[in-house]
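Residue-level listing of the chains:
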Amino acid sequence: MNLSSIAKGQPLVIDDLCLSFGGNKVLQDITLTLEPGEISGLIGPNGAGKTSLFNCLTGLYSPQQGKIQFGPTPLNGLAPTQRAALGFSRSFQHVALCPELSAVENVMIGLERQSSAGWLDAFLPLARGRNERLSNRHLALAALGRLGVERVADESPTQLPPGMLRLVEIARAIAGSPRVLLLDEPAAGLNSVETRELSNALKMLRSPSLVLVVVEHDMDLIMEVSSIIHVLNVGRLLASGDPAQIRANPEVVRIYLGDDDD
Amino acid sequence: MSDVSSAQANEKEKATSSLLAPPADRRGIIQLGAVMGLLVLFLMPLVAGGYWIFTLGLCFANAIAIISVSFLVRYGGEVSIGHGVFVAAGAYTVALLEKYFGLSLIASLPVAAIVGACLGMIFAYPSRNIFGIGLSVTTMALALALPEILLHFSSVTGGYEGLYVKLDALPGMTKSLQRYYLPLAGLIIVVMLLMHFRRSRQAAALLLIRASVHAAESFGVRRSWARLSCMTLSAGIAAIAGAFLSFSSSTVSPNSFTLWTSIFLLVGSVVSLYSLSLWGSIAGGLFLTMMPLLLAGAGNWVPILYGGALLVVVLGVNALPAGIRARLEGGRV
Numbered sequence: 001m002n003l004s005s006i007a008k009g010q011p012l013v014i015d016d017l018c019l020s021f022g023g024n025k026v027l028q029d030i031t032l033t034l035e036p037g038e039i040s041g042l043i044g045p046n047g048a049g050k051t052s053l054f055n056c057l058t059g060l061y062s063p064q065q066g067k068i069q070f071g072p073t074p075l076n077g078l079a080p081t082q083r084a085a086l087g088f089s090r091s092f093q094h095v096a097l098c099p100e101l102s103a104v105e106n107v108m109i110g111l112e113r114q115s116s117a118g119w120l121d122a123f124l125p126l127a128r129g130r131n132e133r134l135s136n137r138h139l140a141l142a143a144l145g146r147l148g149v150e151r152v153a154d155e156s157p158t159q160l161p162p163g164m165l166r167l168v169e170i171a172r173a174i175a176g177s178p179r180v181l182l183l184d185e186p187a188a189g190l191n192s193v194e195t196r197e198l199s200n201a202l203k204m205l206r207s208p209s210l211v212l213v214v215v216e217h218d219m220d221l222i223m224e225v226s227s228i229i230h231v232l233n234v235g236r237l238l239a240s241g242d243p244a245q246i247r248a249n250p251e252v253v254r255i256y257l258g259d260d261d262d
Numbered sequence: 263m264s265d266v267s268s269a270q271a272n273e274k275e276k277a278t279s280s281l282l283a284p285p286a287d288r289r290g291i292i293q294l295g296a297v298m299g300l301l302v303l304f305l306m307p308l309v310a311g312g313y314w315i316f317t318l319g320l321c322f323a324n325a326i327a328i329i330s331v332s333f334l335v336r337y338g339g340e341v342s343i344g345h346g347v348f349v350a351a352g353a354y355t356v357a358l359l360e361k362y363f364g365l366s367l368i369a370s371l372p373v374a375a376i377v378g379a380c381l382g383m384i385f386a387y388p389s390r391n392i393f394g395i396g397l398s399v400t401t402m403a404l405a406l407a408l409p410e411i412l413l414h415f416s417s418v419t420g421g422y423e424g425l426y427v428k429l430d431a432l433p434g435m436t437k438s439l440q441r442y443y444l445p446l447a448g449l450i451i452v453v454m455l456l457m458h459f460r461r462s463r464q465a466a467a468l469l470l471i472r473a474s475v476h477a478a479e480s481f482g483v484r485r486s487w488a489r490l491s492c493m494t495l496s497a498g499i500a501a502i503a504g505a506f507l508s509f510s511s512s513t514v515s516p517n518s519f520t521l522w523t524s525i526f527l528l529v530g531s532v533v534s535l536y537s538l539s540l541w542g543s544i545a546g547g548l549f550l551t552m553m554p555l556l557l558a559g560a561g562n563w564v565p566i567l568y569g570g571a572l573l574v575v576v577l578g579v580n581a582l583p584a585g586i587r588a589r590l591e592g593g594r595v
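Listed in order, the protein sequences are those of chains L and G.
Position one of the first sequence corresponds to residue 1 (the numbering used here), numbered consecutively onward.
Position one of the second sequence corresponds to residue 263 (the numbering used here), numbered consecutively onward.
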């Protein structure tokens, strides 16, 4: 099964998903549909299960109950690498870049599933490998450019501040033209200018062929970019709706957003 | 981004790049030094005696073996105490192909590399889910078993006496020069291949999975693929080293491939700072080859002096300023 076996613009459907570790129920009865062409926000207090849901979607966790389906394709039982082949891409809550690779080399890993240079290309200076490497570097630079951080392309991650690392990791996630993009707290550690650029980049990423889900604590950002917001609380889906509906939901305000008067 | 912040970013960029890369004039001096060093290596046989030429030939072969161990550390994040087995595979392949088929090193070297790589893959598959100390001990088990296996099949392997490697590889050149130049050429080629490999997508994938398994898997890199690839390549390089070792020493025997051989390879890798560069690996190779010779007259003091020398090197390097240490380690892989 690969990317070409799934038509563009398919929804990601989560049906009655339950995940627990021992007796600790992390996710309970989660049912929602993440549509392509929208930016879906996923919010909730710490420990609500947002990252666990991402991990279920990418195959890092195996839910005990429920189904996840990408278009017509059931994902249960598929390994993370197989989901990556279907076009899944993500960033992490804790930045997971390789310190021994430069920023642009890290981003080039986002193009892994569409690369084909073999072992001979790896060891010998053959034209195919060289051309693919050059082309991937251009694509990676373009991804960095979309987030306004092209200038750090050849820097080591060990030399970059946390906000910049976050943007490099997002560039890695978007470099390979994913079908499903899951961004876990992309604005964490960013200053206001960088958050503004991230917001613009997210809006530009919106496409009819992309399911884009953003977990974020920055309410200004999530309210600005999201078409629909899902609110999780202690492993359950508390509410779903557009930003105005979520803002007006008294339960969400009580549990997560808080009153302005507080 | 605003002009101010971009100007600040440019300043920072300049500052960090000056930390990472030496300035152009110093880089020129380093390159000149490397060229001079290579010239010295190529001209060495003109000035050095036969004993030194022989010893340096072994040093180059050992340097390749050290690179094989360092490759596993750098790209796989794993430590092997059994790489002597893969070195032995290469050495015995060369000796056996000469004994039974009359093939010289030039013909048997690629076969040795493939045999070593296959052995590495066969070892890696069942142990693909073993990591850290568990894997190290597993490799040690290989090294412990090897001499007994070689002795058990003595009709093929020559038993205690071992086998001889006598055929010329390059007609028209004296044997002593062949024993020097062939391992040197092999070392340079291995280093160049690995320099090219470092820029490949496979190398990036191996390095990422070492840093973050979850991130790598989320981008399609399988952990079992990484382990198999890493061990296969490392074992293949070790077998190339073994092929050159057998040629340069003219003989292979079980005594050359004990557990101590594997431990000393790891020591050489540590001394070389896990370097995959020419000079780093030669430093490790020199330590591995020369130190026992230099200490040969010390009688019972040999192990103590050897251990002392090792401590001096490891602690001495550790005490260096971080910038110099990073340069000695070769910066990024």
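For the record, the hints were derived by calculation from the structure and aren't laboratory data.
Mixed in with the good hints there might be a few duds.
Derived DEER-like restraints, expressed as beta-carbon distance ranges [unchecked claim]:
hint : chain 1 : residue 1 : chain 2 : residue 2 : range
1    : L       : G118      : G       : N562      : 52 to 58 Å
2    : G       : P433      : L       : G118      : 49 to 55 Å
3    : G       : S474      : L       : P45       : 22 to 28 Å
4    : L       : V234      : G       : H476      : 22 to 28 Å
5    : G       : I292      : L       : E150      : 26 to 32 Å
6    : L       : Q69       : G       : F363      : 45 to 51 Å
7    : G       : A369      : L       : P162      : 29 to 35 Å
8    : G       : G434      : L       : T158      : 49 to 55 Å
9    : G       : G394      : L       : T158      : 34 to 40 Å
10   : L       : Q93       : G       : L556      : 35 to 41 Å
11   : G       : I291      : L       : G145      : 42 to 48 Å
From the derived model, a few chain L residues whose C-beta atoms are all more than 10 Å from chain G [claimed, not checked]:
hint : residue
12   : M108
13   : E112
14   : E132
15   : R172
Now the stretches of chain G that chain L is said to cover, found in silico as 3 or more residues with beta-carbon under 8 Å [claimed, not checked]:
hint : stretch
16   : 391-399
17   : 481-488
18   : 557-570
None of the values given here were measured: they were computed from a predicted structure.
Glycine included, C-beta positions come from ideal geometry on N, C-alpha and C.
Each hint, compared with the structure:
Against the hinted window of 52 to 58 Å, the Cβ-Cβ separation of L/G118 and G/N562 comes to about 54 Å, which satisfies the hint. With their beta carbons about 35 Å apart, G/P433 and L/G118 fall outside the hinted range of 49 to 55 Å. With their beta carbons about 26 Å apart, G/S474 and L/P45 fall inside the hinted range of 22 to 28 Å. Distance hint check for L/V234 and G/H476: the Cβ-Cβ separation is about 24 Å, which falls inside the suggested range of 22 to 28 Å.
Against the hinted window of 26 to 32 Å, the Cβ-Cβ separation of G/I292 and L/E150 comes to about 29 Å, which satisfies the hint. Restraint check, L/Q69 to G/F363: a C-beta distance of roughly 59 Å breaks the suggested window 45 to 51 Å. Under the hint 29 to 35 Å, the C-beta atoms of G/A369 and L/P162, about 56 Å apart, miss the expected range. A hinted range of 49 to 55 Å for the beta carbons of G/G434 and L/T158 is consistent with their spacing of about 51 Å.
Restraint check, G/G394 to L/T158: a C-beta distance of roughly 24 Å breaks the suggested window 34 to 40 Å. Separated by about 54 Å at the C-beta atoms, L/Q93 and G/L556 break the suggested range of 35 to 41 Å. For the hinted restraint 42 to 48 Å between G/I291 and L/G145, the CB-CB distance of approximately 36 Å leaves it violated. Interface exclusion of L/M108 from chain G breaks down, the closest Cβ pair being 6 Å apart, not more than 10 Å.
With 10 Å as the threshold on Cβ separation, the claim that L/E112 sits away from chain G is violated: the shortest Cβ distance comes to roughly 5 Å. Separation of L/E132 from chain G is inadequate, the least Cβ-Cβ distance of about 8 Å not exceeding the 10 Å criterion. The claim that L/R172 is not at the interface with chain G is violated, since a C-beta of that chain comes within 10 Å of its own (minimum 8 Å). Taking a C-beta to C-beta cut-off of 8 Å, the stretch 391-399 of chain G contributes 0 residues in contact with chain L, too few for the three needed, and the coverage statement is violated.
Only residues whose C-beta sits within less than 8 Å of a C-beta in chain L count toward coverage, and the stretch 481-488 of chain G has 4 of them, enough to reach three; the restraint holds. Only residues whose beta carbon comes within less than 8 Å of a beta carbon in chain L count, and the stretch 557-570 of chain G has 0; fewer than three means the coverage is violated.
In summary, the numbered hints that this structure violates are 2, 6, 7, 9, 10, 11, 12, 13, 14, 15, 16 and 18.
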